[in-house]
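**Q** Starting from the known structure of chain A, fit chain B onto it as the hints suggest.
There are 2 protein chains.
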Amino acid sequence: MLGLATGRIVVTSRIVVLGGGFGGMYAARALKRRLGSAAEIELVNAENYFVFQPLLPEVGAGSITPAHAVSPLRFLLRDVFVRKATVDSVDFERRLVTVFQGVQRRPTEIGYDHLVIALGQAADLSKMPGLEEHALTMRTLEDARRLRAHVIGQLEHAQITRLPEVKRGALTFCVVGGGFSGIETAGEMKDLIDRSLKFYPDIDPSEVRMIVVEFADRILGEMSRGLADYATRTLSERGIEVKLGTGVASATGTQLVTTTGEVIDTRTIVATIGNAPSPVVRRMGLPSERGRISVDRTLAVKGRRDVWALGDCALIALKDAPQGPRDYAPPTAQFAVREAEQLAENIASTIMGGTPQPFDYRSKGALASLGARKGVAQVFGLELKGFPAWLLWRFYYLAFLPGLTTRIFVLLNWFMDGISPRSVVQLHTRSVPPTRYVRYRAGDVIYEAGNRSDGFYTVVTGAVEMTRTDPETGLPQIRTIGPGGHFGERLILGATRRHTSVRAAEDTKVLVMDREEFLKLADSFQAFRDYFAPYMARHGMEWPPLGETEGQAAPTPVPVEKG
Amino acid sequence: MLGLATGRIVVTSRIVVLGGGFGGMYAARALKRRLGSAAEIELVNAENYFVFQPLLPEVGAGSITPAHAVSPLRFLLRDVFVRKATVDSVDFERRLVTVFQGVQRRPTEIGYDHLVIALGQAADLSKMPGLEEHALTMRTLEDARRLRAHVIGQLEHAQITRLPEVKRGALTFCVVGGGFSGIETAGEMKDLIDRSLKFYPDIDPSEVRMIVVEFADRILGEMSRGLADYATRTLSERGIEVKLGTGVASATGTQLVTTTGEVIDTRTIVATIGNAPSPVVRRMGLPSERGRISVDRTLAVKGRRDVWALGDCALIALKDAPQGPRDYAPPTAQFAVREAEQLAENIASTIMGGTPQPFDYRSKGALASLGARKGVAQVFGLELKGFPAWLLWRFYYLAFLPGLTTRIFVLLNWFMDGISPRSVVQLHTRSVPPTRYVRYRAGDVIYEAGNRSDGFYTVVTGAVEMTRTDPETGLPQIRTIGPGGHFGERLILGATRRHTSVRAAEDTKVLVMDREEFLKLADSFQAFRDYFAPYMARHGMEWPPLGETEGQAAPTPVPVEKG
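Protein chains in written order, with the working numbering: chain A, 96 to 658; chain B, 96 to 658.
Just chain A, with the same shape it has in the complex:
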């Protein structure tokens, strides 16, 4: 684009960076540093903050408060135009990015001369039935907050329930994946639980189970055997079971079934596996390999001179003729930051008419925290274990943190966490959407007579068996409901308790709609009302005028559990 500056014509190029993670944020910084006013730089990110991924497990464990593990992008990128928006699509011919910002429904187009794609990767858990519906993930700050709230929720529930099977499930925590994220999450979660138990007198430490499930025959694949074995031993000393050579066969809200056939009662599954390209990157239709954008060694997208990619979303060869996976840049912060430097240099020299250089970097090592002030480290060929490794881990990341304020806050968090009890405040409790898919294994109870009428169910796949006691004969009546069928609609009659019991007749997937959601539709959507009108008539009821459904009634006496 042309801009007029101090009397003479200067060419200002517009560089748009998509994504505000390690790759994108550091690229935007480096570009500004190199090009100054010679370029307009804009960064587009769905959140207005930069997440320091390595600290997520500590946020999940509550040793760092969420807001302190992140920095506002506007703090870190003073002279860059930061746009909080979601990327919809890119028109590479017209050099236009289409985004949606905030609640605004009108699309916004952003022009560019150079486009930098740093959109990272998304989770794809669809390969293992039930994992997508029932597993927590550890990719975003929200994920970490949700995990902490969920874990404390399990302790709260285990403390007061009188149902042994519920208590067992609540106190069994499973982590899928034995990489850095999985191991650190398990270690930190165990810390949180161990330090919190003193506030839950009715939970015996021996009742808590923490399990890491790893498909490979070892954990921490990026590290040496020796360190991996040490880590495994340390974890088991801390009461964390590591199941090697074990994958996930299927999952429900109450169970995890392993590929070795074991059935684990658990209400907590954290999945740290399953990388996939983010949907928007897939829609771009750029050349890709193994789910990542193909770039040449200068980080330019193959076949394009004005589109670049780096970080987890790009497949970056470290040699001209890469053989195995080790010849490609791993998806780590350490590499993303170095890639950002090279990319900025290459874009700058392209603009100035120079020649882009290939990205070349060798890992300086790896660090992992095991929780409880133990860790493993492999740096410049040296190997460290235990407390020293953990200390190195903390201070390496502290130094790595962008922004002085953030550093001070993180240090302060660590200090206070060292001298005060871990808070068991359970914030942010709503972790499931009001309309959601739920899986059941054959035989699972979906609900029982007397339970709270808390939702409306439709069968997607499989079949359920509904049992009620005939009021006249007193005999049980059984009805089977298959795909497309529904149950639980009695709540539109104002019922607050179930009069029937429903169990999965086979492995079944249902769509559950919370009571309030369902009643809103029944309240307002005519087709819905028409569909249920006959059912209501059979029960001697009819719809109130549109927009006035109450859906409330006095609870009916029911068999209950003693508190």
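FYI, nobody ran anything at the bench for these hints, they're computed from the structure.
From a predicted model like this one, the values you see are computed outputs, not experimental measurements.
Only true hints are included.
Since copy identity is lost for identical chains, a pair holds within one copy or between any two.
Derived pair list, reagent style SDA-like, types lysine to any residue, alpha-carbon separation capped at 20 Å: (1) K293 with L171; (2) K604 with A622; (3) K293 with T500; (4) K293 with A467; (5) K262 with F176; (6) K222 with L641; (7) K262 with E204; (8) K397 with G380; (9) K604 with L641; (10) K604 with P639.
**A** Same frame as chain A, but now just chain B:
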């Protein structure tokens, strides 16, 4: 109940406290202190933490992190059995409380000898059309977190939008109610905005409007005229407009209409008015006056010797023959704590066979922060203004905070807030439910051709006008949709952009269902699929097999706004 202790029979009574606010938490504490092992004390609360209400505006403004403004009930009530559960109903004859705990659908019954009701009050905004659908509230910790995220979201949006009317609405903030909560919320919100603007270079301070709407002819009704006038002046010096004698006529997602006929473009309405009994208290059917439980002066519920009530949910006379409102205990923390002491003493003496005494207490004063280190205070007849009052406010509440750890954290928060910039990290962005009611005023645009197809709409009341351009003739075709009708269903055809424009033909209430929610139903609910099948057929499409709807398609080229 009977319990055996050291050889002799001792009577242990079970006391169940419902609610963990100022009234409930302090009552449980005082009961334990007085009765020790002579009583089993249980506290039931929906959250596992105690909220220090007076600090909520500061949480909303980000000067205190949410987790630090609250204390886990388990920290504060070491020898009390704390149950995180929601109260469903009470059977006063059988002395049983029915609760639901966690995700458990089975009801749990809790027996009691004495029941203490301290469930506070709920918000009822239904009297003003649109307020319930579009106003934020400031009662819970979640409310405060949501407000902060919302305010920062408005700054983010105002910084990048190129639509003047959107920017104006995003930068206009309205608070309804000029009591303590309203005034402190407005003052703190203004602080947050003023301190954050340096990160939003495209927002001019003069573009920010903060408005307090109060129906009475003055604010802070609990304080002297002089202090109220000083507060009003101070607020207006800080750029906060106080509109007295002004109520809310109606509200939408983009506008607030006052009783004086003024129409204010705003996307932020914080309602601090509209007290109502909580639904569960209403269901209990206890004697009540003015929406509060009637108790005698000993805090026993009228007509019962084993049920007690205190705090905001109870109407407590301060004299035997109360005349005006001033003869009843105000709903403040100061009073709730004193009520808790008297209540504990009365239950103890009832158990020990003594005589309960009437509650008698006179306010020691009132304090309000105006933000920006200014406040007003009225203590022991003395009046303070400005900085001294603000300082007194902070230290009074710091001393008042239960739990040393919390005190230290709050102090630390204040200190760090004093020396570091206010973080503009926008956490917790989802503030609206995926299925929700939305109000429009006659003439409002609901969506325009080219907009994102982000939801399905049904008309509850009113009517909308849908306009499309006939592909053949090029002429506009207009269709009116009334109650029970729906629009926006094109998204089931895979559309990602609107092809029509819809505006409210009159004041209209619609039910909006987010795209994902709607597609889940279309994916799984046969009745839904059948209903839309003809519509799809008309467009030469049909449903994929149950459970496999994709609902995605390439975006179609559309007129867009320049970024």
